[in-house]
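Participant: Chain by chain, the residues run as shown.
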Amino acid sequence: MARWLGIVVSGREARVVDADVRKNEPIEILADDSWPLPNTDRSEGYNFLYQRVVNYAREHKIERVIVKESAVSGRGGARKSNLLSAELRGVVIAACASVCHTDVLAKAAISKTFGDRKVDEYLEDEDFWKDEISGKALRAGSREAAMILLATRGKDGAA
Amino acid sequence: MALLKAELQVEALIGAGQHAQVFRATCPTHGQVAVKIFRPLPGESDADWKHRKAQHLKEGKYIADAKHNNVVQVYYVAESDGGDAVHIVMEFCNGGSLQKAFDGGPLPLVEALQVTREVCLGLEALHGRNMLHRDIKPGNLLRAGGRAKIGDFGLVTDEIILGYAKAAGYSDHIAYEVWNGGGTSVRSDIWALGATIYRLLHGKEWYSRFPKFQIAAKNGGLADSLNWLPHVPKEVRRVVRKMLNDDSRQRYQTISQVMTALAKLPNMDTFACEVEPDEVVWVKTSKTRRTKVVWRKAGKTSFEWDAWSEPLKPGDGRRHTLGKSKGPVSRTQSLKELDAFFSSQ
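Chains A and B supply the protein sequences, listed in that same order. If you read the first sequence in my numbering, its first letter stands for residue 1, the second for the next number, and so on. If you read the second sequence in my numbering, its first letter stands for residue 1001, the second for the next number, and so on.
There's no promise every hint is true.
With beta-carbon atoms standing in for the labels, derived distance ranges [as the list claims (entries may be wrong)]:
(1) B:S1045 - A:K61: 26 to 34 Å
(2) B:P1328 - A:R58: 55 to 63 Å
(3) A:A94 - B:Q1257: 46 to 54 Å
(4) A:K61 - B:Q1257: 47 to 55 Å
(5) B:Q1009 - A:N82: 53 to 61 Å
(6) A:A94 - B:L1312: 36 to 44 Å
(7) B:V1010 - A:L84: 49 to 57 Å
(8) B:G1146 - A:L84: 46 to 54 Å
To give an idea of the interface, some chain B residues facing chain A are shown, with a C-beta separation under 10 Å as derived from the structure [what the hints assert, rightly or not]:
(9) H1068
(10) L1113
(11) H1127
(12) L1226
(13) Q1257
(14) K1264
(15) N1267
Looking from chain A toward chain B, a few residues come up when the C-beta cut is under 10 Å (computed) [to be verified]:
(16) G45
(17) L49
(18) R58
(19) E69
(20) S70
(21) S111
FYI, nobody ran anything at the bench for these hints, they're computed from the structure. Heads up, the beta-carbon is just placed ideally off N, CA and C, and yes, glycines get one too.
The task is simple: from the sequences and hints, build the whole structure.
Facilitator: As structure tokens, this is what we get:
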């Protein structure tokens, strides 16, 4: 059993799923939370979120973090909002890496390493989630953060 | 943690409480430090002092374990050679406590929120280690290197039974349920933090006009009876009110929830505010103009207000009236009008 965090950064917030990850068992959700970037001076906001992530990972003795990688926008290139999100993602990755082993995982890599369906199909499959998780309730919008935990466990195993 | 016989060079007195004095001192290992010295109280029996000394030594141990950027670091605890004093040797915070800021008047909103966010980080770490602070107040928040830190751990406990510890704390910041026989908890620390934010946003002069704070805290209904300065945005009031809800189950349940609520507040460029006995003045400055609002006592029970903008350099433009009361009006009416004025800015 190992305590891992799955984090998906989108817009101005980090979606954080904290779970006990075990081999061949449903992962147990311990917390499902959203940490918004404060509406303040950006550097001050980044500093705060950095500290918040470090606080959480350290105080809860998180052993590993998997952060969903930035993706290239399908059409028309990256807008400023995508770039700002990517900045925030970098802050979160750095904060996690200052505490424990941290991986960055691309959505495409999940499809390659986990199951035989596309990631989005798993995200919408209610039965799949009933089988794969236990513990606290997981918001539908947080499934992607849990998915990267499942995919990493499938690839690397868990303690 | 080992108990050391410290070779401290004690210097100036920087603070004093009911049970201890705090001095600036020089430590051969840590350089400039603050040292909190507990001694037997007048009339205290040997047995009582022995018991209290053991508590202080234990307290030092807890806090030395709570190392965090937003918690004043305790380096070590030392018992004096004769056993007649306990020294808690800790980080010296050159920025002093926020009590001084509170005494000076309302803290700018942006600064108050930044301080609160930083305090939340420290408090979250304490709670994460099963500790309650039980005495969050401006005087126990210190500044060092531009960062707010939680200090004064006289009431910190990790003796939590089912999430509750014995009642304690500064009387203005004691939560409703604690006044009424309940124990302290994470949620009573959240109450105290809410009271602290309220006080920092209003300053001593305004706060002292609300002598019923403690009574309302004890009897219930504090959140709905707070006397707000009109420039404090409604969104901020909502967060503070929730922290001061009589029903602890209706408060934020964790510091993490408080941090999320604070982060969701809109970006607020508000006025600097100065509170004098018969007048409150707000000022906001842009590159070329200054907006000024003055609320003053016009009679025994009547008030008037006036808001205008003016160029920073005389002659660079005209003065524009932005709003004013229709002559002297009641306190309630004038504050209601100012609430509406600040909401529109």
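Participant: Could you say whether the range 26 to 34 Å given as a hint is met by the Cβ separation of S1045 of chain B and K61 of chain A?
Facilitator: Given a distance of about 44 Å, which is not inside 26 to 34 Å, the answer is violated.
Participant: Given L1226 of chain B as an interface hint, is its Cβ closer than 10 Å to any Cβ of chain A?
Facilitator: violated (23 Å)
Participant: Quick check: does the Cβ-Cβ distance between K61 of chain A and Q1257 of chain B fall within 47 to 55 Å?
Facilitator: violated (21 Å)
Participant: Under the criterion of a CB-CB separation shorter than 10 Å, is H1068 of chain B in contact with chain A as hinted?
Facilitator: Check passed: Cβ of H1068 of chain B comes within 8 Å of chain A, closer than 10 Å.
Participant: That 55 to 63 Å hint for P1328 of chain B and R58 of chain A (C-beta), does it hold up?
Facilitator: For R58 of chain A against P1328 of chain B, whose Cβ atoms are near 57 Å apart, the range 55 to 63 Å holds.
Participant: Identify whether the interface hint at K1264 of chain B stands, where standing means a beta carbon of chain A within less than 10 Å of its own.
Facilitator: holds (6 Å)
Participant: Have a go at the E69 of chain A hint: is there a Cβ in chain B nearer than 10 Å to its own Cβ?
Facilitator: Cβ of E69 of chain A sits 24 Å from chain B, so the hint is violated.
Participant: Hold the hint about R58 of chain A up to the distance rule: shortest CB distance to chain B must be less than 10 Å.
Facilitator: holds (8 Å)
Participant: Can you verify the interface hint for Q1257 of chain B: is its Cβ closer than 10 Å to any Cβ in chain A?
Facilitator: Since the shortest Cβ distance to chain A is 9 Å, the answer is holds.
Participant: When the nearest CB of chain A is found for N1267 of chain B, is that gap smaller than 10 Å?
Facilitator: holds (4 Å)
Participant: Take the shortest C-beta to C-beta distance between S111 of chain A and chain B; is it under 10 Å?
Facilitator: Where the cut-off is 10 Å and the nearest Cβ of chain B is about 32 Å from S111 of chain A, the hint is violated.
Participant: Just tell me: holds or violated, for the beta carbon distance of A94 of chain A and L1312 of chain B against 36 to 44 Å?
Facilitator: Given about 41 Å between the Cβ atoms, the range holds.
The earlier numbered hints that this structure contradicts are 1, 3, 4, 8, 12, 19, 20 and 21.
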